[in-house]
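Protein chains: 2
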Amino acid sequence: MLRKTLKSLVHPSVLSRQMSIVARSLKYTQHGEPQDVLQIVEDRLTEPRDQQVLVKILAAPINPADINTIQGKYPVKPTFPAVGGNEFVGQVVCVGDKVKDLQPGSHVVPLATGMGTWTTHAVYNEDQLMAISNKVGLAEAATITVNPCTAYRMLKDFVKLSPGDTVIQNGANSAVGQAVHQLCRAWGINSVGIVRNRPEIAELKMMLECLGANAVLTEEEMRTCDLFKSGKLKRPKLAFNCVGGKSATEVSRHLDDRGVMVTYGGMSREPVTVATGPLIFKDIAFRGFWMTRWSKENYNTTERSKMFRELCQLMEEGKFVAPTHEMVPLEKFKEAAIAALNFKGFTGKKFILDMSC
Amino acid sequence: MLRKTLKSLVHPSVLSRQMSIVARSLKYTQHGEPQDVLQIVEDRLTEPRDQQVLVKILAAPINPADINTIQGKYPVKPTFPAVGGNEFVGQVVCVGDKVKDLQPGSHVVPLATGMGTWTTHAVYNEDQLMAISNKVGLAEAATITVNPCTAYRMLKDFVKLSPGDTVIQNGANSAVGQAVHQLCRAWGINSVGIVRNRPEIAELKMMLECLGANAVLTEEEMRTCDLFKSGKLKRPKLAFNCVGGKSATEVSRHLDDRGVMVTYGGMSREPVTVATGPLIFKDIAFRGFWMTRWSKENYNTTERSKMFRELCQLMEEGKFVAPTHEMVPLEKFKEAAIAALNFKGFTGKKFILDMSC
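Chains as they are written, first to last, in this note's numbering: chain A, 873 to 1229; chain B, 873 to 1229.
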């Protein structure tokens, strides 16, 4: 029956690569460190029926939230046994008879979370998937739903920005940070990035400036800089914080009257300290953002479609690239998970599991 | 010429008390402690012309911001020599010939700030004044523009509240805190007050409950209470903080998803510490409020008129009373300023300079 469906729907070139529909997945049955609890498990997949879609996963990133979920440190709790991962780009192999808009060969990305994406193949429902142009690079498509969307929403949903306005952020070399600089460049908004000092600071600054940052400063440089006092750049209306502690305080200090600081991470594990004076007299607001919540609350909205359309167009035009990353084969997941967890280097490189060959 | 105007416009009973229009004012010519730099100075007032209005001040409170302004610790800086004070209720004595809506005998309160209200008489412009029913008590009218308006705006402008929703606040015995409990009662909103423990805690709780608080807890009791877990009250959508430090953290911990904490003071002189988790995963927002800014930005708005109308109506109906206070004569300003600054007692009593006799 599966063979028949494959024959009737799948392009021969795809079919020939998909004859044996056994998924190899990174599964875990308890919380713990990824390298301890993840195992490659093989499952024979059932034929897609009704609205179901059989997808061959091409690439799936390892995000910090994926690791925290496995560790049991994330607010989203999986049902065991669980397959790791939340993002992917895949290719449709074959579809159930009630699938309306997806065809074999189409590239797809997830609309939902918790779909267990660290696998070679999976059967999903059509309403969990969104088609994406195969002109979008695999690394860009595989990482579109979390970091670029976070940057997009944080730039759109807290303050009304106009071209020439300024945004400031710490952790500028994070995946979201890189996305922020690129979107700001595309939209004519000035962006200032703060990073920790490090031996390769010159290269890091150059890289972030290539992505669109108007200025990249170390935390020490920020304390003494006159970027805003001198009028070179307008005082920022919006700040993004993924560090916390002193770094967050320092960034918020530069905000203009009525400015908003949006926290989306806490790498230092220190809270954000908010002085009373700026809250009251400058009307500074401290907010937070969680992409998972937004995506759930806007699952099928036109606003969400519009966002994906704009991001894909920038990606197709080469104006938005994936964060610094390394593609690794599924078999190297332990090394990748350890490296993703502990990586202290240059840009906080993202590891992407590569199942495309 | 002044005599002539007085004769033509002033009711004889007022005139007889106002024959000598010499203002006695609490003035200062440099920043410092109020008891050191304030002096009673006499000035002969010029006749009110055009849009000017001669006002006999009846009562004027000593607010913390007034003292901070004299100390030079407030963002609003006076021009020297300056008269202290920002609030009052007064009675119109006589008016210039272009004054449209105010008549001698009317009670008035200030629409502007920095009008120097610790004085027996003053000449203001009509557009700096708002008529207020003389059925509103002098203590209520003298203190209407700062604390009740702060409570009103904080309840209206940050979260949409419906009857049955809950608000939580620390510093519940502050003047704003007392106003919050009364407005919540009037509007069917549940309010929970947090106060520091003290010998007279039973009396303080009873007083705040009389004003409308559904529950009053010490900081220690709050840490272990089950008010919200038990479902007795809905989790608060809105929190008010005038303390900072641990108290602010504790209060914010009880907020519902999407809750907002508004800071309007910082009595502990400690900053607000904001954990990253609630910011991101509960979408808690930390905002600030400054009445002075709002009033400037809404000087002549219908929203402002509506607010005063509603507050006055509640005051006339006896549903809103002035905060715990003591009326003191102008001559006792030094004792009052020292007491206002250092008062550590029961309810943070407000001192109101009484010039009504």
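Check the hints yourself; a few may be wrong.
Identical copies look the same in the list; a pair holds intra-copy or inter-copy alike.
Said to hold, decoys possible - Below, in silico cross-link-like pairs of lysine-lysine (DSSO-like), each with a Cα-Cα straight-line distance of 30 Å or less:
#, residue 1, residue 2
1, Lys1032, Lys1154
2, Lys1101, Lys1221
3, Lys1104, Lys949
4, Lys970, Lys1118
5, Lys899, Lys949
6, Lys1154, Lys1221
7, Lys945, Lys1106
8, Lys1154, Lys1204
9, Lys1077, Lys928
10, Lys1168, Lys1032
11, Lys1118, Lys1007
12, Lys1168, Lys1101
13, Lys899, Lys1106
14, Lys1032, Lys1191
15, Lys1168, Lys1154
16, Lys949, Lys1101
17, Lys1206, Lys1106
18, Lys1154, Lys1007
19, Lys1154, Lys928
FYI, nobody ran anything at the bench for these hints, they're computed from the structure.
Hint check:
| no. | hint | in the structure |
| --- | --- | --- |
| 1 | Lys1032 with Lys1154 | both (17 Å within a copy, 23 Å between copies) |
| 2 | Lys1101 with Lys1221 | neither (34 Å within a copy, 43 Å between copies) |
| 3 | Lys1104 with Lys949 | between (47 Å within a copy, 29 Å between copies) |
| 4 | Lys970 with Lys1118 | neither (54 Å within a copy, 57 Å between copies) |
| 5 | Lys899 with Lys949 | within (14 Å within a copy, 65 Å between copies) |
| 6 | Lys1154 with Lys1221 | between (37 Å within a copy, 28 Å between copies) |
| 7 | Lys945 with Lys1106 | between (39 Å within a copy, 28 Å between copies) |
| 8 | Lys1154 with Lys1204 | neither (51 Å within a copy, 35 Å between copies) |
| 9 | Lys1077 with Lys928 | neither (38 Å within a copy, 65 Å between copies) |
| 10 | Lys1168 with Lys1032 | both (23 Å within a copy, 22 Å between copies) |
| 11 | Lys1118 with Lys1007 | neither (42 Å within a copy, 53 Å between copies) |
| 12 | Lys1168 with Lys1101 | between (41 Å within a copy, 26 Å between copies) |
| 13 | Lys899 with Lys1106 | neither (49 Å within a copy, 40 Å between copies) |
| 14 | Lys1032 with Lys1191 | within (23 Å within a copy, 41 Å between copies) |
| 15 | Lys1168 with Lys1154 | between (33 Å within a copy, 14 Å between copies) |
| 16 | Lys949 with Lys1101 | between (47 Å within a copy, 22 Å between copies) |
| 17 | Lys1206 with Lys1106 | neither (46 Å within a copy, 46 Å between copies) |
| 18 | Lys1154 with Lys1007 | neither (46 Å within a copy, 37 Å between copies) |
| 19 | Lys1154 with Lys928 | neither (52 Å within a copy, 35 Å between copies) |
Checked against the numbered hints listed earlier, the structure breaks hints 2, 4, 8, 9, 11, 13, 17, 18, 19; every other hint is satisfied.
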